[in-house]
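Peer 1: Listed here are the chains, written in short residue letters.
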Amino acid sequence: MKLQVSAELCRGHGRCYTVAPDLLEDDEDEGFVTIRGQIIDVPEDQVDFARNAAGSCPERAITLIE
Amino acid sequence: MTSTAAGEQATVPDRVPSGCPVIHLDASPALEVGSHWEKANELRESSPAFFNTHAQGYWVFTRYDEVREMYQHPEIFSSESITPWDPEPAYRFVPTQIDPPDHAKYRQLISRWFAPNAVARIAPQAHEIGRRLVGDLAPRGECDFVTDFAMRLPTEIFLTIIGVPHSDADLFVPWVEDFFAGFGGDLEQQQAMGAALGGIRQYWVDVLEARRGETAPRDNDFVSLLMHSTVDDAPLGDDLILDILTVLVLAGLDTTRGQLGYLFRHLAENPDDRHRLIAEPELIPSAVEESLRLYTIIFGDGRKVAQDTEFHGCPLSKGDMVYGLVSGANRDPRVYDRPDEFIVDRKSNNHLGFAGGPHRCLGAHLARMVMQVAVEEWLKVIPDFEVASEAPLMERGGGAMMTLLSLPLSWEVPA
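Chains L and R, in that order, are what the protein sequence lines are.
417 is the number of the first residue of the first sequence in my numbering; add one for each residue after it.
3 is the number of the first residue of the second sequence in my numbering; add one for each residue after it.
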């Protein structure tokens, strides 16, 4: 699975790195997820967290690619 | 909530399509707790869109997707007015009512100060404040949670993060109370509201004066930072700084108080959830999130149409007002399983309680931290408590932000 964060839609709600702390992190400055505008691989043991992160985003900024 | 015609009523414009139901809804009166969410549920399930003849008349969108879309398209839905019954407000909140692209310049000045990192920096002090307030109340065995705790805690923590003495909460608590008594539309309270605004502004004038002429910004001092900031290479100026500080006070304190009241009413009435949070405190953040969804204090949020457009079958004209029913969206069964239940460990909770799009609540990270501190510190000292009122609890109407007007709680004091 891959996870993609839209740079245009992400507004720094911070829900994704809160519910998936071992997969995603905040930029320590403005509170955006560090991988805004990027695609990352999701390790096997993080798949449920990735789903929760995507589902928790009020902007629907996170896309999962299975 | 009145659905009958009362007072001035707008006529229905010819362009409202025949399939679009017309209502007359004034959500501003105080009602028994829960009434506003019930009304939102009823509206959402009967139609995705309405035309409301309240005030000058405005469109209402009731479902999650439409409300999110409204937030995400500021080029169509301007924040020039955010109160649909008042399209030409006399005030201008910065950055709340500034549209992109200028909006980002002002927001960036403030947003770093309320980012997760900045909030984490003051978390130890926030816990200390929470412990002190709970410690003072515990021996009493009872309190009005809304006035004695829920207003006091966010105020003291807010003043701490700004970098002024938290003991000045003694000044801010009555000012914020007086402001919102008048803001809800009570004409008898207008003078007190004006006096409160004057008090808040003068407080910040004095803070500015105390920092005047300093060559470098003070550490951990938000007002000092603003005085040394520029937008488009020009200093902000006192008036803009005062506007920003006033908006933060009005947007940040009453709202957190409102959310805390509903969360603690839930905990008082649902011992299973309370005991679960005591046994598994790591669930407190998700319980806080669930209370923001289920018990949202934002009945709806307004925007002003900036260009003629067709939106889900409604022909919107430039200058029209729209109202996104956030309380309808947050319980939309198209998005949430068991939407009317409080699920402590709910997954995929993407509620719009902090809005969305460019105006997403700037203080969201701070508000979450304050609420988590409240639950954690309270439950450690007062694990069992109940609502001590025979009469039904009342909530302020949805004209501004909703809050319980009073929440009497009682608990046993160990001998």
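The reader is advised that the hints may include incorrect statements.
[Stated by the list, open to error] The calculated DSBU-like cross-link candidates involving lysine-lysine, where the alpha carbons are at most 35 Å apart (straight line), are: (1) R:Lys320 <-> R:Lys107; (2) R:Lys382 <-> L:Lys418; (3) R:Lys382 <-> R:Lys349; (4) L:Lys418 <-> R:Lys107; (5) R:Lys382 <-> R:Lys107; (6) R:Lys41 <-> R:Lys320.
[To be verified] Pair by pair, the computed Cβ-Cβ distance ranges are: (7) L:Glu460 <-> R:Arg214: 56 to 64 Å; (8) R:Ser319 <-> L:Ala423: 29 to 37 Å; (9) L:Val463 <-> R:Arg340: 17 to 25 Å; (10) R:Glu34 <-> L:Val463: 22 to 30 Å; (11) R:Ser319 <-> L:Ile481: 39 to 47 Å.
[Said to hold, decoys possible] Computed footprint of chain L on chain R; a stretch qualifies when at least three of its residues, placed anywhere within it, have a C-beta under 8 Å from a C-beta of chain L: (12) 115-121; (13) 346-356; (14) 361-374.
Treat the hints as calculated values from the structure; they're not laboratory data.
Ideal placement from N, C-alpha and C gives every residue a C-beta, glycine not left out.
Peer 1: Could you run down the list of hints and mark each one as holding or not?
Peer 2: Hints, verified against the model:
1. R:Lys320 <-> R:Lys107: The hint holds at about 26 Å.
2. R:Lys382 <-> L:Lys418: violated, 41 Å
3. R:Lys382 <-> R:Lys349: With Cα atoms ~26 Å apart, Lys382 of chain R and Lys349 of chain R stay inside 35 Å; holds.
4. L:Lys418 <-> R:Lys107: holds, 33 Å
5. R:Lys382 <-> R:Lys107: Roughly 42 Å separates the two Cα atoms, so the pair is violated.
6. R:Lys41 <-> R:Lys320: Roughly 28 Å between the alpha carbons, so the hint for Lys41 of chain R and Lys320 of chain R holds.
7. L:Glu460 <-> R:Arg214: 56 to 64 Å: Given range 56 to 64 Å: holds, Cβ gap about 59 Å.
8. R:Ser319 <-> L:Ala423: 29 to 37 Å: The hinted range 29 to 37 Å holds for Ser319 of chain R and Ala423 of chain L, with Cβ atoms some 33 Å apart.
9. L:Val463 <-> R:Arg340: 17 to 25 Å: With Cβ atoms ~24 Å apart, the hint holds.
10. R:Glu34 <-> L:Val463: 22 to 30 Å: violated, 45 Å
11. R:Ser319 <-> L:Ile481: 39 to 47 Å: Taking Cβ atoms as reference, Ser319 of chain R and Ile481 of chain L lie about 41 Å apart, which means the hint holds.
12. 115-121: holds (count 3)
13. 346-356: holds (count 7)
14. 361-374: It holds, with 3 qualifying residues against the three required.
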